[in-house]
Structures are given as structure tokens and as C-alpha cells.
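Here is what each chain is made of, one letter per residue.
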Amino acid sequence: MKPLPKVNIDDRIFTLKYYVDEEYVHLKIKNPKICKSCLEKPCLSFCPAGVYRLDRQGEITVGYQACVECGSCRVACPYLNIEWDYPRGGYGVAYKFG
Amino acid sequence: MSNSFRYDVVVVGGGPAGLSAAMTCARHGLSVILLERGRFAGAKNLFGGVVYTESVLSLAPDLFSEKRLPFERPVTEEGWWLLSEDGVVKITHTEKGLYEKPPRAYTAFRARFDPWLAQKAEEAGVLVIPKVKVLDLICANGKVSGVLVDRPRDWESSELAEVRAPVTIISEGVNRLLTQKAGLIPRDFTPEEVALSVKEVIQLPKGEVEKRFGLSEDEGLAVELLGEATLGFPGSGFLYTNTTSVSLGVGLFLSDFAEKGLKPYELLENLKKHPVMARLLSGGETLEYGAHLIPEWGLEGLPRLCGEGVMVVGDAAGLVNPLFREGTNLAIYSGIMAGKAAVFAHEKGDFGHETLKLYEEAFRESYIYRDLKYFRRLKKFLRENRSLFADYPEIINRVLHLYLSAQGRAKEEVFQEIFGLFRKRRGLTGLLRDFVKTFRFFKGW
Chain Z
1 MKPLPKVNID DRIFTLKYYV DEEYVHLKIK NPKICKSCLE KPCLSFCPAG
51 VYRLDRQGEI TVGYQACVEC GSCRVACPYL NIEWDYPRGG YGVAYKFG
Chain W
1001 MSNSFRYDVV VVGGGPAGLS AAMTCARHGL SVILLERGRF AGAKNLFGGV
1051 VYTESVLSLA PDLFSEKRLP FERPVTEEGW WLLSEDGVVK ITHTEKGLYE
1101 KPPRAYTAFR ARFDPWLAQK AEEAGVLVIP KVKVLDLICA NGKVSGVLVD
1151 RPRDWESSEL AEVRAPVTII SEGVNRLLTQ KAGLIPRDFT PEEVALSVKE
1201 VIQLPKGEVE KRFGLSEDEG LAVELLGEAT LGFPGSGFLY TNTTSVSLGV
1251 GLFLSDFAEK GLKPYELLEN LKKHPVMARL LSGGETLEYG AHLIPEWGLE
1301 GLPRLCGEGV MVVGDAAGLV NPLFREGTNL AIYSGIMAGK AAVFAHEKGD
1351 FGHETLKLYE EAFRESYIYR DLKYFRRLKK FLRENRSLFA DYPEIINRVL
1401 HLYLSAQGRA KEEVFQEIFG LFRKRRGLTG LLRDFVKTFR FFKGW
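Quick note, the sequences are listed as chains Z and W, same order.
With this note's numbering, letter number 19 in the first sequence gets 19, and the count goes up by one each step, no holes.
With this note's numbering, letter number 238 in the second sequence gets 1238, and the count goes up by one each step, no holes.
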């Protein structure tokens, strides 16, 4: 398969309007050990908002603030290791066009 | 007052399905509350971009007396663009009928269309409450009697509020969490059963939408993009023209993104960089990016549509037809049907499954159900016939290239090369098999 052009997802996220809920983290990793042992880490690619990234220690971080609440990680994490919820009412992404 | 709010009907989710259901109930004199977790109805919603007029008229017959329609452009030309790596074969259709009033379809934005529909619902008497998330259903003895929300019931208390109603209509969208809690589906969906679609709204310089797509001010183009748009994976891209922008997107089965390690936004970037698309989009500015899941579980994932005191409508039930970009209209139709069942239940004073199944019966009579049955093999067909996406768009581009650039050559050789192309890419038996399989699929066998 041919390599795709690289995109900095932050440039896309920048176009979105969010009302970030600082008091409620609506996405959590249930068991970090499972992520460590996960070889493919597909969340790093399929998440359309780049919520899941690797930190310098190679551990998965969850930037829930950028979430567009699509639900992909809820079902596509191979170990169903995401505790998934919507942000509280009124918070999260708010599309201007949609 | 007790510790809960009481209505005749509570609707969860302010998309087209929920708003249609709520509106139908309110117009028949029921007290209806609609709970929406976004800041306004439509805030969380995203779609490709085509609304079918007939469905909107069935809710708002006076649509065309509006000062400002909640749409972008009427669709006057539509079809498919088959993309090769650097070329395109355009199969689009237009006719006089597409210019007649009212237009059959419009391009639109959900964050504008849904609030407009919500306003219609409010005019009908629906109490639309945004910024409220429904946490759970209130169930007793297998009977749903309302919902629990993430707001305190009054200023002095921290106890969560309950909204009670003999009928609860779930229009929660593709992530059907409450539908599952209501026991209407046995399991969650899998990544094979949904498509993940990403889209960018790209603003073009003034007058350029008309110029680049050969449109006048009240004409619009809506095309699906096949082939290179999805790198040959089952799925499609789309390009819809808005008033001063275009909606460009691409979607694949979520499982394909996960298994192939593809980034959706990079797949979209690849499409934007396609030589043909790049020229059409040059100087464009991305106004908004977004992503959404499309329920494609079809007939086999269809929930029971009603239970005791509860019904499910729209995306939560999986009412989309990806081949015909139907979804918003099916949401509206299902909402109206469920709304009528709720009205009937209130007339009868009985809210059990036996009464609400009026909705399920109407649904089974409708073309929505017939189509779900007819296309029940869609996912399997798409997966097993990848060459429709991977080979044919490329072949058709090559064939046209050879035919159209045949000057100065013996045409016998040109045709030999063309036939050789088919033989090489698919083989004679392959061609025959593809034809038979496609024929069988569209015959619904």
C-alpha cells in the first residue's frame, strides 16, 4: 500500500469548536497494562481526532479534550480497554457546520 | 411536586429522528420533552450532506414559505466519479426534472438543518432542552418509565433529576447505549458493522464553486468518489457543493481503518492531494473537520424497535442505506411512525409492547424495511468484491485513456490492449463472476 501524506491532526482539530469539561474525563483506559502489551495499538491510527498518542515513555495518553465523540475507540480497541462515555451535557465538541 | 418531571413522551436526542417523533406527538396534543446533550440540537451531528426534500416536507409542509431555507444548494447534478491514481472518469446525470420546483434534494449542514427542525418542533409545542445528558433509563419490571439525567432536580439538591413519561423514544444516534440498556439489542456493534467517515468543509474563493463545478447560483453537484478515494478499499468518498464551500469526505469500514493502520484524516488528505481534486480545491480553506460513525449493521443488527414503554428510531436502529445515501430521511420517517404509535398509545391508555408495536408494524410495511431486507447482503457483497473498488475504477480510466488517445495507432492494437487490460486485471472468468455476483446482489438474491 502506498504511503499516505502525513497530516498533523492538530491542524484539523484547530478548526473545531469545543467546550472542554475540565472536571470530567469522559475517556479512560481501563487497564494501562493491557495497552503496554498491545502490539498493534490501532487506536493510534483509527481515532479520527488523534486522541490516543504515545508519550516519550511509549505509553498511550488520552487527550479526551480533542474527542469528537464518534465512538470508534469504544468498539475498535482490540481489548475493549476504553471506558467510554459522552462528556457531560453541554460539553465536548460543538459543530458549526456538521 | 415529587422528585421527578412528568410528560406524556420523553425523547432522547435532538437529531432528525427524535425531532420528528417529538413533533408528531406534540402536534397531536401530547406534552413532549426532548433532551439533547449538545449545546443545541445538531451540535453533535455530522453527515455527508444531502437531504431529501420529500422527507422534510412530510414534517414541514410549508417549507417553501420560509424566508431562508435550511439548506445550501439544490442538487441538480449527481453521480459517481471513478478515480484512478491520477485521473477521473465522471458519470454524472442531470435532467430537466432536477430543475423543477421543488428540488428533489438539497445539500445541507447538520448544525444548521437540525436547529431549524428543532425550532419547528418548538413551534409545535415540544419542550426542547439542550445541554442535558441522559444517563440511564428508569426501568421497573421490564417496563421503561422515563430517564435519569445528569442535572440535579432542583437548586438545593444534588440528587439527579428523573424525567418520567409512559413513552420513551430513543433517538440517541449510532452509539446505541440506551437501546442496549432497554434490552432491545442483544449485543453491541462490531467495527465490521459501522463505517467511519471523516469530512472537511472547504471554503473556496468567492464565485469559485460556480466556476469550478460549472454551476449557477441555484445549482448543485453531489457525487460519490470511488476507487483511489478509498485506496481501493470498500467504501467511498463524496463531494457535495454548498453555497460557497464544498463538503469533501471519505469513509471505510471502521475495521479496515483499525486493521490496516490507516489514519482517516490522512486518507482524506490523500484524496485532497489527488491531481484532479487538488485543482478543484486549490486556494480552499478548511472551515471545519469532523468525523462520524455510520451504522451499517443492516437487517441482522436491527434492534427490536419497541419494548414496554420504549421505542427506538433513526441511527440507533441503523436506518441508513449507504448505497443511496439515505439516512436523514429514514430517520425522519421512523420518527414520524414512532410518534404516531405514541399518540395511539395515549389514546388507548396502554403503553405496552402490544400497543407500541403499531410502530414496528408500520415500519415493516415501509420501504425502509423492504430495503434493509433487499440489501441484507451488502456488507458481505462489498467485502467479497473488493475488485469493484480496487480494479474497475482503474481499468475504466485506462480504457478511456487508450480509446481517447488512439490517434496514430492501428485501432486493432488499441482494442487488443483494452481487452488485454481486462484479461490481466480480472481474467475472463473473473469478469463473468463479477458480473454475475453484482447482478445477483442487485436482484436481491
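Be aware that a few hints might be false.
[Said to hold, decoys possible] Subject to a maximum C-alpha distance of 25 Å in a straight line, what follows is the list of computed BS3-like cross-link-like pairs (lysine-lysine):
hint, chain 1, residue 1, chain 2, residue 2
1, W, Lys1357, W, Lys1373
2, W, Lys1380, W, Lys1340
3, Z, Lys28, W, Lys1272
4, Z, Lys96, W, Lys1272
5, W, Lys1131, Z, Lys17
6, W, Lys1131, Z, Lys2
[As the list claims (entries may be wrong)] With the C-beta cut set under 7 Å, the calculated list includes, among others, these residues of chain Z facing chain W:
hint, residue
7, Pro3
8, Pro5
9, Arg12
10, Pro32
11, Cys38
12, Leu39
13, Pro48
14, Arg56
15, Gly58
16, Cys70
These aren't lab readings, by the way, just hints derived from the structure by calculation.
Backbone N, C-alpha and C fix where the C-beta goes; we use that ideal spot for every residue, glycine too.
**Prompt:** Is it true that the CA of Lys96 of chain Z sits at most 25 Å from the CA of Lys1272 of chain W?
**Reply:** holds, 22 Å
**Hint status (Cβ of Pro32 of chain Z to nearest Cβ of chain W, threshold 7 Å)** = violated, 20 Å
**Message:** Given the hinted pair Lys1380 of chain W and Lys1340 of chain W, is their Cα-Cα distance within 25 Å?
**Reply:** Judged against 25 Å, a Cα distance of about 35 Å means the pair is violated.
**Message:** Would the hint on Arg12 of chain Z be counted as holding, given a Cβ-Cβ threshold of 7 Å to chain W?
**Reply:** holds, 4 Å
**Message:** For the restraint on Pro48 of chain Z, tell me whether the closest CB of chain W is nearer than 7 Å.
**Reply:** Holds, about 3 Å.
**Prompt:** Does the CB of Cys70 of chain Z sit less than 7 Å away from some CB of chain W?
**Reply:** holds, 5 Å
**Prompt:** Between Lys1131 of chain W and Lys17 of chain Z, is the straight-line Cα distance small enough, at 25 Å or below?
**Reply:** With Cα atoms ~15 Å apart, Lys1131 of chain W and Lys17 of chain Z stay inside 25 Å; holds.
**Asked** Taken at face value, is the distance from the CA of Lys1272 of chain W to the CA of Lys28 of chain Z at most 25 Å?
**Response** With a Cα-Cα distance of about 33 Å, the restraint between Lys28 of chain Z and Lys1272 of chain W is violated, given a limit of 25 Å.
**Prompt:** Quick one, are Lys1131 of chain W and Lys2 of chain Z close enough, alpha carbons at most 25 Å?
**Reply:** Roughly 44 Å between the alpha carbons, so the hint for Lys1131 of chain W and Lys2 of chain Z is violated.
**Holds or violated: Lys1357 of chain W to Lys1373 of chain W, with C-alpha atoms at most 25 Å apart** = Roughly 19 Å separates the two Cα atoms, so the pair holds.
**Item:** Restraint satisfaction for Pro3 of chain Z [CB to CB of chain W, less than 7 Å]
**Value:** violated, 9 Å
**Item:** Interface restraint verdict for Gly58 of chain Z against chain W (beta-carbon cut-off 7 Å)
**Value:** Constraint on Gly58 of chain Z not satisfied, violated at 17 Å.
Going down the numbered hints, you'll see the structure goes against 2, 3, 6, 7, 10, 11, 12, 14 and 15, while the others check out.
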